[in-house]
Amino acid sequence: MAARIHGGAGAGAATALSTFNPKKLVAPPSRTNLPARNSKRYIVSAAAGSDGSKKSLLRVRHSQKLIANAAVATKAEESSAPTGTGHELLLFEALQEGLEEEMDRDPHVCVMGEDVGHYGGSYKVTKGLADKFGDLRVLDTPICENAFTGMGIGAAMTGLRPVIEGMNMGFLLLAFNQISNNCGMLHYTSGGQFTIPVVIRGPGGVGRQLGAEHSQRLESYFQSIPGIQMVACSTPYNAKGLMKAAIRSENPVILFEHVLLYNLKEKIPDEEYICNLEEAEMVRPGEHITILTYSRMRYHVMQAAKTLVNKGYDPEVIDIRSLKPFDLHTIGNSVKKTHRVLIVEECMRTGGIGASLTAAINENFHDYLDAPVMCLSSQDVPTPYAGTLEEWTVVQPAQIVTAVEQLCQ
Amino acid sequence: MATSFSATLPLHGSQESRLSLTPIRLAPPSSFLGSTRSLSIPSSRSRLYHAHAARRSPVVGVQEVVKDKKITNSLLITKEEGLELYEDMILGRSFEDMCAQMYYRGKMFGFVHLYNGQEAVSTGFIKLLTQSDSVVSTYRDHVHALSKGVSARAVMSELFGKVTGCCRGQGGSMHMFSKEHNMLGGFAFIGEGIPVATGAAFTSKYKREVLKQDCDDVTVAFFGDGTCNNGQFYECLNMAALYKLPIIFVVENNLWAIGMSHLRSTSDPEIWKKGPAFGMPGVHVDGMDVLKVREVAKEAVTRARRGEGPTLVECETYRFRGHSLADPDELRDAAEKAKYAARDPITALKKYLMENKLANEGELKTIEKKIDELVEEAVEFADASPQPGRSQLLENVFADPKGFGIGPDGRYRCEDPKFTEGTAQV
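Protein chains in written order, with the UniProt record's numbering: chain A, 1 to 409; chain B, 1 to 426.
Read the hints as simulated data drawn from the structure, not as lab findings. Among the hints, a few may not be true.
According to the in silico footprint, chain A covers these stretches of chain B (three or more CB under 8 angstroms from chain A) [what the hints assert, rightly or not]:
no.	stretch
1	230–240
2	298–311
3	388–400
Computed footprint of chain A on chain B, listed as stretches where at least three residues anywhere in the stretch have a Cβ under 8 angstroms from a Cβ of chain A [unchecked claim]:
no.	stretch
4	95–101
5	170–178
In this text, all values refer to a predicted model and were calculated from it rather than measured experimentally. Using N, Cα and C, we set each Cβ at its ideal position, and we do this for glycine too.
Same shape as in the complex, but just chain A (with noise of 0.2 angstroms):
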């Protein structure tokens, strides 16, 4: 379908709009602001060249890449549009890029978590950083979760910018004091004095049948902390983007990353650039619903995406991407134009993500909604091993299709 192509271009609007059914595009006042929200992603180096095309070509790739199986392909449907420069990877050789190209530029930056030095990091994210930058900048600590979040959290008091990987999200919960009450509360009850621009991350969600405690969704218990932010990633584009804002950011940065998405390729750009941590990204406009989700289940509602697109719906899929705060400017005006709200997250029901942004959407959006916010989110239990009962808790596509059906009645 034609809309499918113009995927919120920037200055590729222009380019894709000739293919465009003008008849289907409602133009509300909004659409006119996001082509300039968008200019403000790309943070690109004067090298750059010829920068519109590509733009827009990249964010073409972008919501074409509809990943048919569950989360844990390896190539990207590859698009006839030339290709131009740029390279291809997979999400953790992203998310190395980054931290690598943010430790090259500055010698503040340092790493701290467990196996990150000479094994590389159990999902390879540090892996030759040790050899480049010596075991004092990535630094394997012994397992003591809360003393080496800790750590890193004085560190950054006093001048460093640690990047503190756990090496499961779910091993963070040992270091939930340091990071409730130093990482959250120290800029506020120092009034202001100490900056603590940490950045904590970690592989999280549910994968394939680790078990209850390996496959814990930790965005749930740290939205109330005041203080953080909390980014989740879910291509290798937004994944070194987000990288090196949450490095930069003078605020501690929470970078959720999944388990099931290190795998993914995607080709992104040669030159520098960095996400904007409280965007939100449209991954697929559309006019008929407004999708929310991020991180795995954003390929959940992509493959329900195509079975509803053939049923002839047209649905808005948004990667929220910035947990904490929300970007209640870019979901507002989806709202706006739907009037139909789904959230599909894998936080579990009770006081999830989903929870929090139904209630905000609730809350700021109320006229607005032609029928209640639905959220589908992980049912309330302990991540089975099974593999059969470990799909159940999670929310599949099929049960999206179903949801934006009963939703579009």
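Once you've looked at the hints, dock chain B against the given chain A.
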């Protein structure tokens, strides 16, 4: 590792001969253990053994050291140093007494934990530090902040919750921070400051070894006996010794954690012993004697500055008041309190100064009067200071206020004029 800590194994024979204060040998800076990949090569095993043996540093009671010095007729401090120490301890005592008064008059609220009786520890350590050295404390932090150089005005205002407080009134009694004086807090939960202190020490090492700066800053972490049963303490002892961080762990063992006696909660109450278990010297010192504390502190700080790693110092001390101003303090034995009251560190120093003709009554009285006025003035200042306005509510939540996000209108929330008024909705 030729420091006086390692000079003797108490188990091996007499101590007198070893306790001569040999000048401290400059040891070459040790390579960072983690980077020696050759650890897997068999030939280095003997080196590893040796390193371990050296690290299993023995413990020395320092009282003997001090006695030695007295015998040789040289004093531990000069007149200037003596007066400085005296003034600092009087400041700590007067300030805390004033806090109690102000609390009962309804000028400060919440949990206030006073330091009366423990002044020797704070003064003994912190007066040896420079401005760029860091101090991390607990909720019993007023006097640490004062010793480190934070003005009495700033601390008192913070306690009153006024904007002129060192943390703009946002921290309170348990969160004394000062970037200028490198006072890294002030923490309400016990033990949570120790990793922060470890991080500050890590930065010092990083600056030296990665950024190639001339940095020999040390960090002193103060905490209590109760904290020594907490996991964070042990985790940090391990990391500090492993990475040879320039940090001194100072245990202010006042024998009581609110109403829990140290002996009832700890399997082995001798905390100094836990240092050698992690490969660092553990020292026990009389924390009611500022000169003894100072001698130990000198050694520990010098060790840290030379890159020889951390030290664990257990100071036996006592708090004359209850755990906090809300604590009726009924559990502690009157005899115990009397015993320690007789060892009041301020009285002890006064006696030392006068006996050794370092100061006379008049000079000490002048100091006491000066401090009284200073504390009075601090109270007046705090009283007169304004309370924080509404607009301050949302400031300082984020260093970069873009963290509040983008509002429905497309602008960053912090760009909303109502944000500075404190009436914006977030």
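Open item on the list: Please check whether the stretch 95–101 of chain B has three or more residues whose CB lies within less than 8 angstroms of a CB on chain A.
Closed with: violated (count 0)
- [ ] Establish whether the coverage given for the stretch 170–178 of chain B by chain A is satisfied; the threshold is a Cβ-Cβ distance below 8 angstroms, and no fewer than three residues must meet it.
- [x] holds (count 6)
Task: Residues of the stretch 388–400 of chain B with Cβ under 8 angstroms from chain A, three needed, outcome - done: holds (count 6)
- [ ] Would you check chain A against the stretch 298–311 of chain B, counting CB to CB pairs closer than 8 angstroms, and say if three or more residues qualify?
- [x] violated (count 0)
- [ ] Examine the stretch 230–240 of chain B: at least three residues should have C-beta closer than 8 angstroms to a C-beta of chain A.
- [x] Contact hint for the stretch 230–240 of chain B vs chain A: holds, 6 residues under 8 angstroms.
Going through the hint list in order, the structure does not satisfy hints 2, 4.
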